[in-house]
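J.: Could you put the whole structure together from the sequences, leaning on the hints where they help?
In case you want the letters, here they are:
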Amino acid sequence: MKHFISVSDVGNVSALVAKALQYKLSPYADLHLGRGKRIGLLFLNPSLRTRLSSQVAASNLGMEAIVFNVDKEGWALEFQEGAVMNGTTVEHIKDAAPVLGQYFDVLAIRTFPSLKNREEDYSELFIKQFIRFAGVPVVSLESATLHPLQSLTDLVTIQESLVEHPLQGKKPKVVLTWAPHIKPLPQCVANSFAEWVNAWGGAEFVITHPKGYELDEKFTKGATIEYDQQKALAEADFVYVKNWSSYQQYGQVLCSDKNWMLTNQSLQSTNIAKVMHCLPVRRNIELSDEILDGENSLVTRQAGNRVWAAQAVLAEILNACK
Amino acid sequence: MKHFISVSDVGNVSALVAKALQYKLSPYADLHLGRGKRIGLLFLNPSLRTRLSSQVAASNLGMEAIVFNVDKEGWALEFQEGAVMNGTTVEHIKDAAPVLGQYFDVLAIRTFPSLKNREEDYSELFIKQFIRFAGVPVVSLESATLHPLQSLTDLVTIQESLVEHPLQGKKPKVVLTWAPHIKPLPQCVANSFAEWVNAWGGAEFVITHPKGYELDEKFTKGATIEYDQQKALAEADFVYVKNWSSYQQYGQVLCSDKNWMLTNQSLQSTNIAKVMHCLPVRRNIELSDEILDGENSLVTRQAGNRVWAAQAVLAEILNACK
Amino acid sequence: MKHFISVSDVGNVSALVAKALQYKLSPYADLHLGRGKRIGLLFLNPSLRTRLSSQVAASNLGMEAIVFNVDKEGWALEFQEGAVMNGTTVEHIKDAAPVLGQYFDVLAIRTFPSLKNREEDYSELFIKQFIRFAGVPVVSLESATLHPLQSLTDLVTIQESLVEHPLQGKKPKVVLTWAPHIKPLPQCVANSFAEWVNAWGGAEFVITHPKGYELDEKFTKGATIEYDQQKALAEADFVYVKNWSSYQQYGQVLCSDKNWMLTNQSLQSTNIAKVMHCLPVRRNIELSDEILDGENSLVTRQAGNRVWAAQAVLAEILNACK
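Chains as they are written, first to last, in the working numbering: chain A, 1 to 322; chain L, 1 to 322; chain Y, 1 to 322.
Careful, some of the hints might be misleading.
Taking lysine-lysine and the DSS-like style, the derived pairs with C-alpha atoms no more than 27 Å apart in a straight line are [to be verified]:
{"#": "1", "chain 1": "A", "residue 1": "K231", "chain 2": "A", "residue 2": "K170"}
{"#": "2", "chain 1": "L", "residue 1": "K94", "chain 2": "A", "residue 2": "K183"}
{"#": "3", "chain 1": "Y", "residue 1": "K322", "chain 2": "L", "residue 2": "K24"}
Hints in this document: simulated from the structure, not taken from any laboratory. If you're wondering where the values come from, they're calculated on a predicted model, not measured in any experiment.
T.: Quick look at the structure:
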């Protein structure tokens, strides 16, 4: 693995999931793999789980991790080719990236979409420019349209749950459901979950959302789209809850119907489904207290698994550099 | 020691003071105690001494410390049970704490009072919720009403001074005096100093402040309250200077009388008293230059001792986890 | 070397340059030199290259580096003697510095000029107060009027280039040219480069800028001042590009003539000059894309060399402490 930006950087999804679960069993198995190596963790947006789980994962591999909060530490980067920099940006990615590539063996970066210009966001200009100029392996800590470390974690959590509670040969039914939120959020967690579940191939996969919230088919192709949440949830084994803003009417909030927030009542037709969410979650807006505090919630475990997913990816990259 | 929130978490105050002074003599005596352990240092408010001394203390014990400035890194936490999170908070403590508890072996957290709602502040809702949901030992880096690492440091500094300049069997007279400030400050340093001096039992203890600045008796019981600063200071061996806002008229500034600021003149009736302050100090508002720059000031040494106090506490917690 | 504030702290400039180039060849040659030592990196202003290169340099020497963003973490320091602190500053340098000196073996600090009061800025009050009160070796990460780690890096980069492309016995012609910018910037990079090139003595040194941009002669004495950029550039081997605000009409922007921005055209009379800049650079304002993206730009390599310069300086300081 040279870079880690999307599922297409992964040779064998199931093998990567298995590797993450092995690290969960023995965190320090590869403590020498990253000796003398440094990873720079760059955040253009705030992060809690991604930042801390990546630091812990790097440390478990013996790597030194150095965090740089690009936004909070006062560094506005320019990404446009040919820009006349007479505004608020202080440094071009073409200058910053190769410098960072000299300081670190691996660079990991979180960027965010504008949610204003769909074409620009979906071109993934920021992270692609970064890869182009950094000269070292780049790991996405979430980009404008994808969040691959989250999606790997999600599959790790589903797989772990299936090992504990086998489904007797049947493929699990996995439902991704839209949920309300007070702000327009990126589509990246949903896009990414969709492309990873499809690439994995181990599930019957249904996506449910109000009309107007259709995701880019590039990611969802292969999944069943069902606009009726109750129909979608029938016999579900895993329900992944997430808000996103509209892809069609780009970045807009089209629906605030509270009925889309799951309650125990809405889950009655499921196969005692496990409920997932990437966190942070707005309680009683996206998901009800009763579900988050109930015994079928996987959200805490899921967030804990972020460490093992990051560790598996970093190990692959370190192995590829050797 | 399971958690470290107040003096009541400590079995033997004098023994903990002695342990801190031992670490001052040999900082790396327990360099292997924390091997492979991680502590998360979470700040909901800015911190200089507490942050750096905790990092150094952890490092002296071989632990990895990771800092997360919750406020500055853009993470507003919700603490109210049942909240409908449609406002500015992005994540509930019920979700964040157990995630952090999976990433770290020990969590340390700084919270702050609102100074608006006394009942809420004095319920210590924030840190108690944190303990309830984190699932790992929690160390207070200052909470709404207490600052136990500071108070342990204060006793360490008094004890160190007494060893160097013994008082011939007599108990030292320790005076806590209120001082002016331009802003309303929490009562936590004063509350905490009071309960630690009382629990320690090694001093004749007097508290002096203007009327209306009475602290909660829960912490001060056993101390003499004297409204006349000059009377209080007579024959004092140690004078601890600190501003706090009113507990009775909660969070208000009732007095700005400059005569409450100590000068060399005010100290003439003392037993050449050593002067203490937890820092940061507003010079020539809370304390005069002549005292801070004079030879009886302990403030720099006191701040240096923060390392050894934190190290003693972390060592107790690591020993209890084994 | 006790402190590192200006070129006058350096015994032998060429030897220090050589030491940095040795570390570039073998980064871990002195991995044990800093064992058990801690450096505090304090930033009163944002920093990318300086922060990261210093962390990497410290780590290469086995030191633990702890970063504290004084500004971003909410700590406004007071530097005036005798101040009555009833304003926005929360702690006096006289109190903060000796505390930090107890936590760290070496302190490194970045301060900035006001660009309003020349006398105050040029007195270097901030860093001098810091040295006076810290009690441990202090390294400048850029001060009000100088940036010595940058200047050492600049000489390292020139020397490295000369080794690769020897000039047949002739001294290189080094030209420092002013360039436009949209904001008033400090003079420190230019001042410092001037005093280091002069102290080094290995170049024919010319400084060119519009009238009114004369630097303090204390730093430039020995260099040729030439107001005609084209004349200055003739036969140049190295062209160092940098904006600064006026020293005479202190802190003012007197010129915004775009002709001062270098293009390939302006470099035609040079000896295929290498182009340098300390970064960050405002593209197409200070320097054109065609030069920055061209094969004679040294800026990326120069920024990479920051690590080796910092490592050489830290090693000198560690050796002097032994």
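J.: Are any of the numbered hints broken by this structure? If so, which, sorted upward?
T.: Hints that this structure does not satisfy do not exist here, as all of them hold.
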